[in-house]
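The listed protein sequences correspond, in order, to chains A and B.
Taking my numbering, the leading residue of the first sequence gets 1, the next gets one more, and so forth.
Taking my numbering, the leading residue of the second sequence gets 1001, the next gets one more, and so forth.
No lab work stands behind these hints: they were computed from the structure.
Fair warning: there could be bad hints in the mix.
[As the list claims (entries may be wrong)] If you want the footprint, here are the derived chain B segments under chain A, 3+ residues with CB under 8 Å:
{"no.": "1", "region": "1138-1152"}
{"no.": "2", "region": "1158-1167"}
[As the list claims (entries may be wrong)] Chain A side only, calculated, beta carbon under 7 Å to chain B, not exhaustive:
{"no.": "3", "residue": "72"}
{"no.": "4", "residue": "74"}
{"no.": "5", "residue": "93"}
{"no.": "6", "residue": "95"}
{"no.": "7", "residue": "97"}
{"no.": "8", "residue": "103"}
{"no.": "9", "residue": "106"}
{"no.": "10", "residue": "107"}
{"no.": "11", "residue": "117"}
{"no.": "12", "residue": "120"}
{"no.": "13", "residue": "121"}
{"no.": "14", "residue": "149"}
Computed from a predicted model, the values in this text were never measured in an experiment.
From the three backbone atoms N, C-alpha and C, an ideal C-beta is built for every residue, glycine too.
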Amino acid sequence: MMRPLFSRRENLSPIASVSDLVPVAVTVRDARLTYGGIPVFQDLDLRLAAGRWTCLLGPSGVGKTTLLRLIAGLSPAEPPTLIRADDGLPLDGRMAYMAQQDLLLPWLSVLDNAVLGDQLRHGTVNAARRERARTLLTAVGLGDRLGDRPDALSGGMRQRVALVRTLIEDRPLVLMDEPFSALDAVTRLRLQGLARHLLNGRTVLLVTHDPLEALRLGDAVHVLAGEPARLSPPIVPPGAPPRDPSNPVLLALQADLLQRLAE
Amino acid sequence: MNVLRPALVAGILLLAWAVLVRVTGIPPYILPSPEAVLVTLVQQAPLLAFHGVRTLLEMVLGFALGAVLGMGAALILAGFRTARRWLLPLLVISQAVPVFALAPVLVLWFGYGMASKVVMAGIVIFFPVTASFYDGLRRTTPGWLDLARVMGGSPWSQLRRIRLPAALPSLASGLRVAAAVAPIGAVLGEWVGASAGLGYLMLHANARVQTALMFAALTVLSLLSVTLYFVVDAVARRLLPWQPDQFPPDERT
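Generate coordinates for the entire structure from the input sequences, incorporating the hints supplied.
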């Protein structure tokens, strides 16, 4: 299998542009998190621009995952944290979530895992949705594994299923918590490119501890570091994502970011 | 399933038993020889079958009763916080009362017939099933539930589509234990008061120093227990092919 690693023009455009989602912008203001009485972060402001990828880069334990969980509604927000969509409507039901673990259910087939959202909400999955899942899974190279159970798949394949499951939710806001960090280097690069293509045009928050990943994929990169943690002004890497990781500008930025993370 | 190895082990044990009886000259009313037990098994086959069917029925019905109630209790505990707060302590305390102590009361309430034995077996089975299934329902991988919450699944659909299937391997463990203890409940009930069943037969034979018959009844009881266990185990494996198993198939007993 000798696919080029960094091909820009993988032919995924027909499936990526199926939905006519209106991207949503999200504002987080005065976010505050205390752990055991000590502030992890406070007075933190973050803006997720509509239809853009915002990357949140930080070392472990700095609270970046918690920030993502606050937005996802998975962790209770401490006052005076304010999280709102710019259109004033609630975020519930407009988000999709992808984690470091693929979170595939071991008793369901690849196809059934991909359409889990509908199954959970409505108890059934209509034929159109199932067909779309089939198309998407085939597009990511899993067309002959639809009936397999997850434990028969490699880590990269499983995360591709998770990506399709995220995509099929058709949500304007996608929250990704280190979705590629459990993968080997080559698989990670491929999946980053794939995800960036498939989720183009959505508002994405990607939490990561890998500077190069943030620089490859982000329209804006924020660094969250320090005690209590502060959020850096956005870094905007040059060029259109997914960017070539061998680009010298990117590598220089990476060195700079590593320096800042180490402080 | 490899039959050869267990058969060999059983053969060696039987041989040791036979030798022991010969060498020590133990009178047959203390320890009958394996041949004598075998002869009794054949000669008394109709009697053993009659009582065996009775005990088997009590075991199976008790298993069904205890398993259904146990699963129901676990689901109620997992589904309702109020149920957890009020019923869980009660459930634990109830286990402090030995079934042995309850047996006479159960016979008093449900009579000398099968009902009291079925109830007794059901009680013995209820707790392992409830405890293991409830544990399974509690220990769902948190990430799965996070995902389901963001997807907008209701608590009910999370229970039905994620927590319940995820708890099935734990339930299977509980059912295996239940299958192993089912005979205890049934035989215990028969000891306290019955007019049929292997437990009754064993007491009866024991009192008349028909030790060979007692051993024959014991053999039948063991066979029934082992069969029940393997049926439950096979069904559980069949229904949960996705469950990780560290032992290769040819190593499973």
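Evaluation of the provided hints:
1. Requiring three or more residues with a Cβ within less than 8 Å of a Cβ of chain A, the coverage given for the region 1138-1152 of chain B holds, as 10 such residues are present.
2. Interface restraint, the region 1158-1167 of chain B with chain A: holds (5 residues with C-beta to C-beta distance below 8 Å; minimum three).
3. A distance limit of 7 Å between C-beta atoms decides the matter here; for residue 72 of chain A the minimum to chain B is near 5 Å, and the interface restraint holds.
4. Hint status for residue 74 of chain A relative to chain B: holds, with the closest Cβ pair at about 5 Å, below 7 Å.
5. Among the interface hints, the one on residue 93 of chain A holds; its C-beta lies about 5 Å from the nearest C-beta in chain B, closer than the 7 Å criterion.
6. The beta carbon of residue 95 of chain A is positioned within 7 Å of a beta carbon in chain B (closest approach about 6 Å), and the interface hint is therefore held.
7. For residue 97 of chain A, the interface hint holds, the least distance from its beta-carbon to any beta-carbon of chain B being 4 Å, beneath 7 Å.
8. For residue 103 of chain A, the suggested interface contact is upheld, since its CB lies about 5 Å from the closest CB of chain B, less than 7 Å.
9. At its closest, the beta carbon of residue 106 of chain A sits 5 Å from a beta carbon of chain B; the interface hint therefore holds under the 7 Å criterion.
10. Nearest Cβ of chain B to the Cβ of residue 107 of chain A: about 5 Å, under the 7 Å cut. The hint holds.
11. Residue-level restraint check for residue 117 of chain A holds (minimum Cβ-Cβ distance to chain B is 4 Å; threshold 7 Å).
12. Hint status for residue 120 of chain A relative to chain B: holds, with the closest Cβ pair at about 3 Å, below 7 Å.
13. Because the beta carbon of residue 121 of chain A sits about 5 Å from the nearest beta carbon in chain B, less than 7 Å, this interface hint is met.
14. Against a cut-off of 7 Å between C-beta atoms, the interface hint on residue 149 of chain A holds, since the closest Cβ of chain B lies about 5 Å away.
Of the numbered hints listed earlier, not one is contradicted by the structure.
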